[in-house]
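Take a look at the letters that make up each chain.
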Amino acid sequence: DQQVKQNSPSLSVQEGRISILNCDYTNSMFDYFLWYKKYPAEGPTFLISISSIKDKNEDGRFTVFLNKSAKHLSLHIVPSQPGDSAVYFCAASAIGSSNTGKLIFGQGTTLQVKP
Amino acid sequence: NAGVTQTPKFQVLKTGQSMTLQCAQDMNHNSMYWYRQDPGMGLRLIYYSASEGTTDKGEVPNGYNVSRLNKREFSLRLESAAPSQTSVYFCASKRVGAGELFFGEGSRLTVL
Chain A
99 DQQVKQNSPS LSVQEGRISI LNCDYTNSMF DYFLWYKKYP AEGPTFLISI SSIKDKNEDG
159 RFTVFLNKSA KHLSLHIVPS QPGDSAVYFC AASAIGSSNT GKLIFGQGTT LQVKP
Chain B
53 NAGVTQTPKF QVLKTGQSMT LQCAQDMNHN SMYWYRQDPG MGLRLIYYSA SEGTTDKGEV
113 PNGYNVSRLN KREFSLRLES AAPSQTSVYF CASKRVGAGE LFFGEGSRLT VL
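Chain order of the listed sequences is A and B.
Residues in the first sequence are numbered consecutively from 99, following this note's numbering.
Residues in the second sequence are numbered consecutively from 53, following this note's numbering.
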């Protein structure tokens with residue numbers, strides 16, 4: 099049973115436009131959400147996170163939005179750049195897991211930004 | 053700063069062979085993790101060690117064992133490899149109070 103779902107396996111966007119990556123979750127105990135970026139042959143790298151007490155967190159070109167009632171979060175990248183082309187993973191952590199750090203990951207979305 | 057270092061980076065095994073994946077971190081992190089990544093499945097937690105001296109099962113622990121050798125090192129052992137264990141394995145670590153994990157570059161394992 100996939101608790102964190104990224105239903106779009108891939109996304110293609112033109113350079114300079116907005117990229118929107120989506121993530122849905124089913125476990126209402128999740129209280130902390132993260133986005134990771136992964137290039138081929140490298141490990142995932144942390145991008146941005148959001149706590150369940152917030153509905154938005156911004157870091158430069160990256161903004162994460164959280165809609166708790168819909169159990170949905172999204173990552174917006176504005177403007178998109180070719181170097182943003184990578185696989186993006188959504189991840190969640192449940193109440194009680196904050197000390198252990200256990201993260202549940204989605205399947206990933208491959209973003210391609212075309213020049 | 054090396055961060056999280058995994059060895060080996062590539063390995064080919066025959067069914068039934070055993071091997072150990074090594075992981076070391078130099079960030080003085082308390083918690084360490086082993087994940088596997090398979091196409092269409094994302095990253096799934098195999099085992100984790102919340103602190104030195106403790107280990108716990110994750111989502112997919114069957115067929116694996118782990119050892120938290122000291123604060124720096126966390127190894128993953130396959131006692132009798134199976135083709136279903138063909139995957140890319142990632143080790144990660146986390147400091148106390150932080151939410152994000154730091155990942156190594158991965159170890160690609162093929163079991164024939």
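There's no promise every hint is true.
Said to hold, decoys possible - Derived CB-CB ranges, DEER-like:
1. A:170 <-> B:96: 44 to 52 Å
2. B:71 <-> A:150: 36 to 44 Å
3. B:68 <-> A:114: 28 to 36 Å
4. B:109 <-> A:127: 34 to 42 Å
5. A:152 <-> B:66: 47 to 55 Å
6. A:115 <-> B:105: 49 to 57 Å
Since the hints were made in silico from the structure, they are not lab data.
All C-beta atoms, glycine included, are put in the ideal place defined by N, C-alpha and C.
Quick rundown of the hints versus the structure:
1. Range check, residue 170 of chain A to residue 96 of chain B: Cβ separation about 22 Å, and the 44 to 52 Å hint is violated.
2. In this structure the supplied range 36 to 44 Å holds for residue 71 of chain B paired with residue 150 of chain A, their Cβ-Cβ distance being about 40 Å.
3. Checking the proposed 28 to 36 Å range against residue 68 of chain B and residue 114 of chain A shows it is violated: the Cβ atoms sit about 53 Å from each other.
4. Evaluation of the 34 to 42 Å hint for residue 109 of chain B and residue 127 of chain A yields a failure: the beta carbon distance comes to about 19 Å.
5. A C-beta distance of roughly 50 Å is found between residue 152 of chain A and residue 66 of chain B, which places it inside the suggested range of 47 to 55 Å.
6. At about 50 Å, the beta-carbon gap between residue 115 of chain A and residue 105 of chain B stays in the expected band of 49 to 57 Å.
Of the hints listed earlier, those the structure fails to meet are numbers 1, 3 and 4, in rising order.
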